[in-house]
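Novice: Okay, so the sequence shown: first residue is 1 according to full-length UniProt numbering, each after it adds one.
No lab work stands behind these hints, which were simulated from the structure alone.
Check each hint, because a few of them may be wrong.
With a straight-line cut-off of 27 Å between C-alpha atoms, the simulated DSS-like cross-links for lysine-lysine are [said to hold, decoys possible]:
{"id": "1", "residue 1": "Lys235", "residue 2": "Lys249"}
{"id": "2", "residue 1": "Lys73", "residue 2": "Lys192"}
{"id": "3", "residue 1": "Lys249", "residue 2": "Lys234"}
{"id": "4", "residue 1": "Lys249", "residue 2": "Lys233"}
Just the calculated beta-carbon pair ranges, DEER-fashion [stated by the list, open to error]:
{"id": "5", "residue 1": "Glu171", "residue 2": "Val194", "range": "31 to 37 Å"}
{"id": "6", "residue 1": "Gly224", "residue 2": "Leu51", "range": "18 to 24 Å"}
{"id": "7", "residue 1": "Ala61", "residue 2": "Leu219", "range": "22 to 28 Å"}
{"id": "8", "residue 1": "Ala215", "residue 2": "Ala189", "range": "37 to 43 Å"}
{"id": "9", "residue 1": "Ala215", "residue 2": "Ala65", "range": "23 to 29 Å"}
Note that the Cβ used here is the ideal one computed from N, Cα and C, for glycine as well.
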Amino acid sequence: MATAVQTSYCCPTCGSMNIPPTNNTNNTTITNTTNTNDAPIAQEDTPSADLLLRQAQSRIAQLEAQVTELNAKAASTVSRWADYEAELQTLRSTAPPPPTSQQRPSTPRHQTDPPTTTQQSSPPSMLQQGTSRISSLLYPRKSTPNLRRVDMPPPPLPASPGGASTEDLMEALSREQTLRREAEGRLSATSKEVEELSVSLFEQANEMVADERRARARLEERVGELERRDKEKKKRLERLEGAMGRIEKARHLLEA
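Go ahead and model the full structure; you've got the sequences and the hints to work with.
Specialist: Next up, the structure:
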């Protein structure tokens, strides 16, 4: 850059001393200092965008790892539910059919236990018991069939050997049903949590991408503004240099 030198020259008409103005050089120095001060702004803003992009990518990778972990948990829950279903099917296949009639035939109480009721209700009726015994001894053919028909209880039904095992199987079946319901509830809750988490993760990822795009657009706009200012400053400097060149030429002509 050419520096202006303050030289005096004499006017041929009036004979007075004149000094040329030097404001253009001050303007050139000011524009140079502003140019050097504005240039590092774009250099300082550019790495921040890269850092934000790396942070967003790392966050997205963490969220994807969480989604895969939840998917693995859901798969393990489904496999356990399938195991419970298989055990339930095996228990159903191995369980014997329930007996058709396990209840004993109900007999009326007034036919089976008339002597006990009479003994408990009326203790003084010893004479009636004695007379009934005498009548049974005197008329054994008439009274004995009646006594047998009245007093003999029905033969007990044979106890089924698989009764206890059937009850155990029914209890196991009820436990398996409760476990199945619990597993289904847990599976539905886990799938619901996975869906909610995936939706929230996608929303966060979309928000982060949108924020990144907005930040990049702002940075690009800032860089474009700085480039435009640099071009304007270059044009001004070129005009100032042209003006300084013309002034130097005029000065040389006047000195000559």
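Novice: Which of the listed hints are broken here?
Specialist: none
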